[in-house]
Amino acid sequence: MAFAMRVKVPPNSANLQEARHRTFDFFRAACRSIPSIMDIYNLYDVVNPSELRSTIAAQIRKNAHITNPKVIDMLLFKGMEELSNITEHAKQRHHIIGQYVVGNKGLVQDVDTKDEGLSPFLKNFYNSNY
Amino acid sequence: MGLGSLASRALRSSSSSRVLSTNPRYNLIRTIVSTPELHKPEAATEAASEPDLPKRTPIAGARVHFPNPDDVIEVFVDGYPVKIPKGMTVLQACSVAGVDIPRFCYHDRLSIAGNCRMCLVEVEKSPKPVASCAMPALPGMKIKTDTPIAKKAREGVMEFLLMNHPLDCPICDQGGECDLQDQSMAFGSDRGRFTETKRSVVDKNLGPLVKTVMTRCIQCTRCVRFASEIAGVQDLGMLGRGSGEEIGTYVEKLMTSELSGNVIDICPVGALTSKPFAFKARNWELKGTETIDVTDAVGSNIRIDSRGPEVMRIVPRLNEDINEEWISDKTRFCYDGLKRQRLSDPMIRGADGHFKPVSWRDALAVVAEVLHQVKPEEIVGVAGKLSDAESMMSLKDFLNRMGSNNIWCEGNGKYLDADLRSGYLMNTSISGLEKADCFLLVGTQPRVEAVMVNARIRKTVRATKAKVGYIGPPTDFNYDHDHLGTTPETLAAILDGNHPFSAALSTAKNPAIIIGAGIFDRQDTAAILSLLNSLSAKFKNLITPEWNGLNVLLLNAAQAAALDLGLIPESDSGMESAKFVYLMGADDTNLDDLPKDAFVVYQGHHGDKGVYRANVIFPSTVFSEKEGTYENTEGCVQQTVPAVPTVGDAREDWKIIRALSEVCGVRLPYDSISGVRSRIKNVAPNLLRVDEREAAVFSGLLKPEGSGKVSAVPFGVTVENFYMTDAITRASKIMAQCSALLAKK
Ligand code: SF4
Ligand code: FES
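Just so you know, the protein sequences line up as chains A and B, in that order.
Heads up: the first sequence begins at 1 in the UniProt record's numbering, then just goes up one per residue.
Heads up: the second sequence begins at 1 in the UniProt record's numbering, then just goes up one per residue.
Next up, chain B with everything else stripped away, as it sits in the complex (with noise of 0.2 Å):
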């Protein structure tokens, strides 16, 4: 938030206006200091008109677009001019002037609520102080953030909110990053005139994630604000008035949404922290280090907070096109699960069925041996749903040295066709959403496939009343809907205008159909993409030059780049007539076809599902502890950067399969993680643009008309458990709470 610096900025002006009128030193430099405007008077007074004022620069970026040059309005912030659209708060106004504002119930993402009384400013001709956040900037207004009666204004409001909270910093998970505290150091008086007993309040109870200590609350109603607004679940709420006032569920429930972690940022004081991250560590003592997340395809940005070789916790980083500044509860809370049943070191399983440890060199050797002895054909690559463009490449790469090219990703399907981009990305953007007035949901869940982006849908319903319609199986939304049908006959009678849906579709300016990944599984993928295809020639507002309003949303952070860097399997009966599996961390791929004989090499990082068959095992590395390439749903292309160090011995994915193919004596040509980029280059070089979105140039899905008829068989449910989807997250022990607890049954 950016108090912390607002609060030493505070401190250092005054220290600095104390050095000026105590030091003598200084003022005898002021003196000889020779200025031109003092020889000649005339021009000193030219320079006196015009008011001496540092040079400020909107705080956070804070940036105005002007929609329309008629509601530009001018307003002064201690004298200082700004342009400013109309409609704008006082407080916006004062942060695009470069003053930060003292706040705790205003948030940018939030409705404004003002009760909180601690942005009081001073404006010229209002008989009191005026709460700034609440306030809307008037032409010419003179505001004043820094007089004496918004000095005792702030001061006499902490006193008030210090006066109900208890003074246990220093148990309290929040302190070093409150808000409260930063304030009070800043803008608060010195001693308190409070004897009296303070108030104490009962905790309740939200569930495993966030753990409450509503004593320390100040009554903001963020969290109110944001359960009702973003997450879109009715559970928190105010109760009492007066002193009696608490934050509560209204009744003995927790807090259903995968949204929930969130309430533990937006909380500016320590009532909300983390329940599992309670009395771990402190967070001064964290090593932060910015990278991305990898439980779904969106690629949320987060910031690990690690301590040594341990993660402690991970935090959402502010991206506008992607999460804005909130994560699912999944990418905050998966993190237990980077250090349980983490495989540590090569193994091979004996005669006797168990896994004995054995050396690098080992394992590699009898690996290599027997891809000797399997025909080409035989051999087949499977990367998981966690895998990195990197490991990906090198897969490919080896195999296809070593004759075979039946590789595939987790989640892609056998039927799809991945020539072009358009065909498999999240064509509007994630936050080109926001744009849309009607979507049409087809075989996708995204409250559970995609939080992020049913985040955006739901702020653009909430804000344009936008339709939308579903496709698929009954499920849980939090917003308005229609739900259409359950099967992809439903789409083609949409097709055909009988519909009433057809009618909202046509009349759209911008229409978005998100079609589900689940729907890669299904045997007539290609007649529904072929059906969307009709759709967007018979509605000509689908596709524009400007808008692109056919989307699919991926499930997996690994399909994106598996797909760019065509890993599509070569022949259908990939695993019935396999001798040699390589799984590159995939544990949900479906071995039963499997011949008994098959050997499967397992690369992963957990012992999950994958592990159970496999004859030898090479340990390698989770997403926080590589540099890995990652492309989201929306083909934006996002860097993880190594957070803590691997466990036990280890290896990254692509080096294993380097070292690999070395023993196998089909040396793969790069050494090094750029070697690797430097190939990639050329199969896909919109993999090394790095957080940028590389839209896909052609638009449509250009499929064959007609290819098969769709089935009637309803769409399914991709996602069964939201908390659980992969191998990190089966082995969270939190998250194993949450779908005791929470998961909708």
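The following block holds chain A by itself, in its conformation from the complex (with noise of 0.2 Å):
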């Protein structure tokens, strides 16, 4: 219930001067939790607070050429409502580390040289069938 009485729709942003404003503000507010959040998952092992912020800014730079700002604010949204998910700790530790250390490349990584020169179709015929 809790969360729900929180969860307040603000009015859209006048133009993208202001969606900018607010982008700034939503990014501070997620360097300032942290060290709540490294603590809450007992991140200390696996990462280091720079190394969190630097996957917060890339996960906005991603939507960096978008210019409406209602769409702006509605990822603003869904960016605020994953942050107050991690702080009050709906998620448990894997999903942090999964989405937010390890990344999309997943855990293994082959860094092997013994692809190069391989034509793409074999690098492909390696990965799957399609």
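Note that these hints are calculated values from the structure, not bench results.
Take the hints with a grain of salt, since some may be wrong.
[To be verified] Derived Cβ-Cβ restraints for the label pairs, each shown as a range:
#, chain 1, residue 1, chain 2, residue 2, range
1, B, Lys280, A, Cys31, 54 to 60 Å
2, B, Arg677, A, Asn124, 17 to 23 Å
3, B, Ser672, A, Glu51, 39 to 45 Å
4, A, Asn124, B, Ser711, 50 to 56 Å
5, B, Arg307, A, Ala57, 43 to 49 Å
6, B, Ser672, A, Val46, 38 to 44 Å
7, B, Asp108, A, Asn124, 44 to 50 Å
[As the list claims (entries may be wrong)] Listed below are the simulated SDA-like cross-link pairs for lysine to any residue, each with C-alpha atoms no more than 25 Å apart in a straight line:
#, chain 1, residue 1, chain 2, residue 2
8, B, Lys151, B, Gln219
9, B, Lys339, A, Tyr126
10, A, Lys123, B, Ser674
11, A, Lys123, B, Arg679
12, A, Lys123, B, Asp362
13, B, Lys83, B, Glu320
14, A, Lys123, B, Asp345
15, B, Lys339, A, Ser128
16, B, Lys356, A, Asn124
17, A, Lys123, B, Val666
18, A, Lys123, B, Ser678
19, A, Lys123, B, Glu627
20, A, Lys123, B, Gly648
21, A, Lys123, B, Pro645
22, A, Lys62, A, Ile86
[Stated by the list, open to error] Sample of chain A residues lacking proximity to chain B, with all beta carbon distances greater than 12 Å (derived):
#, residue
23, Leu16
24, His21
25, Phe24
26, Pro49
All values reported here derive from a predicted model rather than from experimental measurement.
All C-beta atoms in this analysis are idealised placements derived from N, C-alpha and C, irrespective of residue type, glycine included.
Build the complex from these two chains, which are given one at a time in their own frames, with help from the hints.
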């Protein structure tokens, strides 16, 4: 119930300036909660705060090309919800590690040089049939 | 059958009339529309004299040929005039006029029984409604299909049929594709008046393929007519009279026909359903993929019904030139073999003789290393019976680049010459066999080798009493035939003219000789072929400009395409001196001569015979998972369409060879299936003309006369067990049950 009470949809940003400003606010809020996140999920041995900060920045930069204030508001809303889920401890440690520490490249990263010089066909062949 | 659409049309027409009368807005629009006729009264009267009929299109593309212009008659269906040839029934006339008449017992390819009465229509000046399927159309007949009398008659028939039909649609496998269900929706009454108990009938055991729930039977006798007319077995029949009437095998007996699965399709209700499919899925949750069958060389058109990654059933597709609307039991029920015994990972045989799963990278590297250590002439490639043209093309290209030209396709033997297409195709074409009036079957048992070809021959023999002569070991036929002999010498006797069959052959108008592909494995293949050649020189009616009666009946789906692509061994001593053998799905190749130290790569989809000797296994895909080109025995090129995803780590055949070629350093120049096809275009352009039959240009076998003497060795039996001929069918449990119960001992 507690979260539901707090979910309040702010009025839309009037222009891009305002949306931009809100984005910075959100980033700051996220950065401020990093120490407590490290604490809650006991992340000290896998990541340090600056890495988490750059992950957050990367997530925001991914949408840097968007100029529609409405869309930015929507994305901000989603971001805020995610942030509150994290700080409420609505997630578990492996969620955080999976999404923000390891990233979508997966745990085992094949950084071998043996694939160099192979044709795209063969690389794809080793990956899957399609 | 299109009855679903018929039902919806009936519903639609009634609802639209309701809209017309009750919707005032619609009427309003009608009054606003300005029609010029209304302004000019004389034009209006003119228009009124012509019946205002919607344009109609014949049902299911029904077409009429008029063999003789005098035989054309005109009838009126719902006031719409149609021209039809004499002798057509009222029902056929209606379908030409675009009116689908509801029916249960009538079937285009079976004789007319006229016992269900569902097809009643009104004919002017006849006192009662007539059964349109059994009534010949007469000139000037005025047929009315949509009158209250016809509707009432149908409703009455439906009520009688449903009286004794169990209400078990929710647990019936036919539910959703049931003619009775559809037609009771469209024509039935909304309530029954029957309060007695329903009758029930004991279920019959027809074997491992057909499940019976005889209480559901509506006694249309389609199955009985199918069995005796098309399948040619007298196993099914009607017992008893009146309400005691039952369909059954007269004695406690299984239905032993290689076409028995088709009764599942023709039964309009759920009385005969598929036993392996029973309670497995409902038909509306299946995805249909229109593809072709590869278990024999006929290439029957099929639809694979799948749910998710699993093939649930296989049903026939209409193709008048190949399989009409039937398929063999092997085609229909082999599908459970697609999910058993599958190879899913690349494997290498370790020092202890056991296979270890490895990655593709390692498996390819091992094979490439071995390949570089053997001499080019010690490399041999064999394509299996189920290979598609694309993979055979890449195998040939790859081994050629490695310096070897010892590549062949299973079943094509060592002595065959692939220079002339007419020398290995069914030149008459499968549908063309219907024009033949005299058959000579040489060393072939079509009933087990190519069921659909046999069904054509039976159809012809039934229709025209064509004579059939047979040379080969004693075997089963489902039509009248003369067993002329067992050795090629009988053929020589026919050629000399001192055999009674020579007379039959020479007086026939369109004689057809069919040679089984089993002779390709004989020592005297060339001699037999040259004998046939002299036969065609002697009997001038065998090959004329309009008729080519010399046929080869191939056994496997891959054979024709392999010969078109030139997969012919270079030297006779293929296996004895081989050090490296590439088996591409080849399971029936004799590896006894192979030296002990030879390295064998098996690329295939099933852990079948080829795997026992293999050192490395590359898992590949089956026909239901890939897009591949196949050419059937008459030279018609067709493609399979992937219906389900591949299993495990398997890859498509041509891709494996393409990848291996790159690891070996002789990279093949194509990266996509269209790339392989453009390569095929240079070798055999006919393989790209899909769904077309490319006839051989040169007729005749054009072989040097008398190359060797025919031996006195009798012709052998080519297919020992109809139900198990390849890796897929050998892995199938249903096929194993069939061979245990039904195969002729
Ligand atoms: S079993 Fe089916 S096909 Fe045979 S008579 Fe009964 S309803 Fe007709
Ligand atoms: S279809 Fe005419 S009587 Fe059955």
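Non-conforming hints, listed in increasing numerical order: No numbers; nothing is violated.
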